[in-house]
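A.B. asks: So the sequences go chain by chain: A, B and C. Under this note's numbering, the first sequence has 755 at position 133, and the numbering climbs by one with no breaks. Under this note's numbering, the second sequence has 287 at position 159, and the numbering climbs by one with no breaks. Under this note's numbering, the third sequence has 56 at position 67, and the numbering climbs by one with no breaks.
Calculated directly from the structure, the hints in this document are not laboratory data. Keep in mind that a hint or two might mislead.
In silico negatives: residues of chain B with every beta carbon more than 10 angstroms from chain C [as the list claims (entries may be wrong)]:
1. T130
2. A203
3. E218
4. E219
5. D227
6. I228
7. A229
8. G233
9. Q286
10. D327
11. L347
12. E349
What follows is a list of derived Cβ distance ranges for each label pair [what the hints assert, rightly or not]:
13. A/I802 with C/E295: 29 to 37 angstroms
14. C/L307 with B/F141: 29 to 37 angstroms
15. C/L191 with B/W232: 57 to 65 angstroms
16. A/V914 with B/F141: 50 to 58 angstroms
17. A/S826 with B/G191: 23 to 31 angstroms
18. B/G191 with A/A824: 36 to 44 angstroms
19. C/L307 with A/L787: 51 to 59 angstroms
A virtual CB, placed ideally from N, CA and C, is assigned to each residue, including glycine.
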Amino acid sequence: MIAGVGAAALTPYPRRGLPVSVIVSQLFTGVSIGAVLLLIALGLALTFGQMNVINMAHGEFIMAGAYTVYVLQQSISSAGASLLIALPVSFAVTGLMGVILEVLLIRRLYARPLDTLLVTWGVSLILQQAARDIFGAPNVQTSAPSFLTGSVQITDDIVIASSRLFILGLALAAVAALMIVLKTTSLGRRIRAVVQNRDLAAVSGLATGRVDRLTFFIGSGLAGIAGVALTLIGPIGPAMGTNIIVNAFLVVVVGGIGQLKGTVIVAFVLGILQSMVEYATTVSVASVIVFVAIVAFLQWRPQGLFTLRTRSLA
Amino acid sequence: MTGLSVRDLRVVFDGFVALDGVDLEVPEGDVRFVIGPNGAGKTTMIDAITGLVKATGHVGFDGQDLLGRKVHRIARLGIGRTFQTAAVFEELTVLQNLDIAAGWGRRAVSLLRARRGVPPEVGKALETVRLSAVRDQPAGTLAHGQKQWLEIGMLLVQDARLLLLDEPVAGMSHDERDATGELLGVLSRDRTVLVIEHDMDFLRRYARTVTVMHAGKVLSEGSVAEVQADPRVQEVYLGRGAS
Amino acid sequence: MSPRLRTFAGFGITALLLFAVAPLVLGDFRLGLLAKYLCFAIVAVGIGLAWGRGGMLALGQGVFFGLGGYAMAMHLKLADAGPGELPDFMTLYGQLDALPWWWAPFANPVFALLATVLLPMLVALLLGLLIFRRRVRGAYFAILSQALAAAFAILLIGQQGTTGGTNGLTDIQGFFGYDLNDPVNRRMIYFIIATALLLMLLAAWQLMRSRYGELLVAVRDAEERVRFLGYDPANVKLVAYVVAAGMAGLAGALFVPAVGIISPALIGVVPSIEFVIGVAVGGRASLAGPAIGAIAVAWAKTALSERVPSAWTYFEGLLFVLPIVFLPGGIASLVRLRRRRTAEAPAAPALEKVPS
């Protein structure tokens, strides 16, 4: 089921040569799928993992980030410049969309997480149709900057597209930036305080509403970054969000909510698993096998890989 | 042997020792009060006995080993508990609450039928906990004290033989406390009762025996008078000015 | 009116509408559409039970709908092809010269009919056992059920030679010897579906008013508390989930002769969550609400997308947003409010709180 960002979006890697090189090659493919999974799930790790809000429109925020690149390229002819400008602009655009969503709807639903899921699904439908009405139903393509169109030869058999390396770097940079914000800044301390004990934080004079909006801004902004990355490996279309949102949520669920490291590890493990199983079987069979693997994993760790441990007994 | 027997019960949360080798014998028919400062491990002990938290050591009731069993299996052995904040099914009526408490042993066929009338054990419990007049009200609309009684009523129809009550009179009015105290006497006729309580006045009037816990251990045990005379208990409590 | 009398009156009126009024008023085309909507209503009755009463937001009911639908369609395709022959699409794609082994038993009508309901129930039982026993619930359950729908759709699409791939199983001609092109037979299909809906409503009604129904609500509102009364909540939830899966399977099976097709597009993530919207609009925890909501939403979809296709998507989006934010109890809660205002009946047992 990771196929949306897996083999379908990847140009097939050479499947010749010795088994060892096949394994290494699939490993690289898996890491590359994992990097995409990580980017699309990272924002959710914040909004779902930290705030317990299930935002199904996250996929459409990713779409909005991708269309931002498309719009920028209409006015800035240089693909490289437009891509670099798109990173902060997309972050701001989708972050703002997130804040608007939080203020208008999600705030009313904090006590009803499952209802949030359905309401934000409705929002995602509206955003998709809006994209269709503004940009047209067919997919559009952006041009990749020249420094990302080539590929890097690792061994005789293994070639990695530069864009894939760029996405890997971008994903790791985003994780690092998020960790630094959460661990060292006063905003990060406030976010963690609200996550651990909302009532106590409110009593201690923290404006929890403002912290929620800021958290949502960052989480949604990360969707914009993911959208920019996705323009490098596939077409942009109104439905692109639907295809990835389920995978993104799975990564956070299996990783365990409350901690980023679970999301990071699981994104890469699922990416590699997907790539290996796809090689051994087919894309469609792999989707079922990965699902079964996830259910089996949850037998062992029903709360995900890492959980925020508390002393609370109930 | 009969009654509750706890030996060397230990509970550790992430390195924090909540229970540090608790030994406790509560003979059948006793009304045992467990007191102690906040954080002494009183609620954790009930949680361990009922299977909610993992523990090591030994817990026996009427010859059955309890540790390591699942929560619902322990409940089926006749161990019932209440919670500090009354946990009743607020959307269901008093009658429905009690009927559910009476029902784990029902066959599938009887579960799939609607309830007709009031089962005798439920009617009796309604009388005992004085809720007959409000039996068709949703439990969420009950007063705080009534919810506590409903929980005790649920233990009665569940036919629990060991009742573990976690602060049953907290927040109750004076009259409600008296009524609850009398209820304890009725309950203990054919059951073993263990009560966690902070209210010393209530304890003096209704406890048969007392166990004092402190920092995850049993500090003192005996009759009310014995425990009050124990210098170690005075030390723990005087510092807090709570005796 | 006593609640009991009102329920019987409700069933009577529903039967009258389904069996007399609709066939008299609607033409063949509209009646065919209604048959399709009633299939969605059957799925909705199951979701109302699992979600409204049991708190399990099942976002993968399309899988069970699909299992039922494919089981029926496989049998009908084999019957259309005749003994010993391959279904048309298999020869069309030209990859097979013999029937795959897992198709063979569906040639038997009894096996196929049983499979339409039992296969979804079996899958739900297995998945439910694994999920509920490990106390995976709430949002985790919802996301897992959605992932199941995604995986199942991808699996079907990938197996073009044996499942028809993206196209699905199409162009079904006959139904146990009856020609589906004949309007009379299509009416018969409508009556079968209407009967099935009525029976499923009766089953859900009995489950909801039974002791089990009360227990299910208790598990929904305080799962941990129920354990201390000696119940294993996993088993309680499992029953509702498996029943809901069976209803979805039955609906899928009936959908096939009514519409003549089953395909991955009807069972994936998007259609699965669309099954839920009617339930939310109608009133998730009520008996009739989910069915009425499902029919109303499906009707609105046809009516709107016939005229302004893009308007439907906006409208559907708003359907997810507005009722859930402002009217979580759905249409059913409006009816109850009115009833309470006119003070006809004493406060009904409030089983219909909205689970979060």
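A.B. asks: Far enough from chain C: is every CB of that chain over 10 angstroms from the CB of B/L347?
C.D. replies: Answer for B/L347: holds, closest chain C Cβ roughly 28 angstroms.
A.B. asks: Check the following: the C-beta atoms of C/L307 and B/F141 are separated by a distance inside 29 to 37 angstroms.
C.D. replies: violated, 47 angstroms
A.B. asks: Beyond 10 angstroms from chain C, beta-carbon-wise, is B/E219?
C.D. replies: Not fine: 5 angstroms to the nearest Cβ puts B/E219 too close to chain C.
A.B. asks: Does B/E349 clear chain C by more than 10 angstroms, comparing its Cβ with all Cβ atoms of that chain?
C.D. replies: holds, 27 angstroms
A.B. asks: Take the C-beta atom of C/L307 and the C-beta atom of A/L787, compute their distance, and say whether it sits inside 51 to 59 angstroms.
C.D. replies: Violated - the Cβ-Cβ distance for C/L307 and A/L787, about 43 angstroms, lies outside 51 to 59 angstroms.
A.B. asks: Could you let me know if the closest chain C CB is still more than 10 angstroms away from the CB of B/E218?
C.D. replies: Incorrect as stated: the minimum Cβ-Cβ distance to chain C is 7 angstroms, not above 10 angstroms.
A.B. asks: Minimum C-beta separation from B/D227 to chain C exceeding 10 angstroms: can you confirm that?
C.D. replies: Given that some Cβ of chain C is not farther than 10 angstroms from that of B/D227, nearest at about 7 angstroms, it is violated.
A.B. asks: Quick check on a hinted range of 50 to 58 angstroms for A/V914 and B/F141, using CB atoms only.
C.D. replies: violated, 34 angstroms
A.B. asks: Just want to verify: B/D327 was marked as not at the interface with chain C; is every Cβ pair farther apart than 10 angstroms?
C.D. replies: Since the minimum Cβ distance to chain C is about 24 angstroms, B/D327 lies beyond 10 angstroms and the statement holds.
A.B. asks: For B/G191 and A/A824, compare the CB-CB distance with the range 36 to 44 angstroms and indicate the outcome.
C.D. replies: violated, 50 angstroms
A.B. asks: Looking at B/Q286 again, its CB stays over 10 angstroms from all of chain C?
C.D. replies: About 6 angstroms separates B/Q286 from the closest Cβ of chain C, which leaves it inside 10 angstroms; violated.
A.B. asks: Would you say B/A203 is clear of chain C, with no C-beta pair closer than or equal to 10 angstroms?
C.D. replies: violated, 4 angstroms
The earlier numbered hints that this structure contradicts are 2, 3, 4, 5, 6, 7, 8, 9, 13, 14, 15, 16, 17, 18 and 19.
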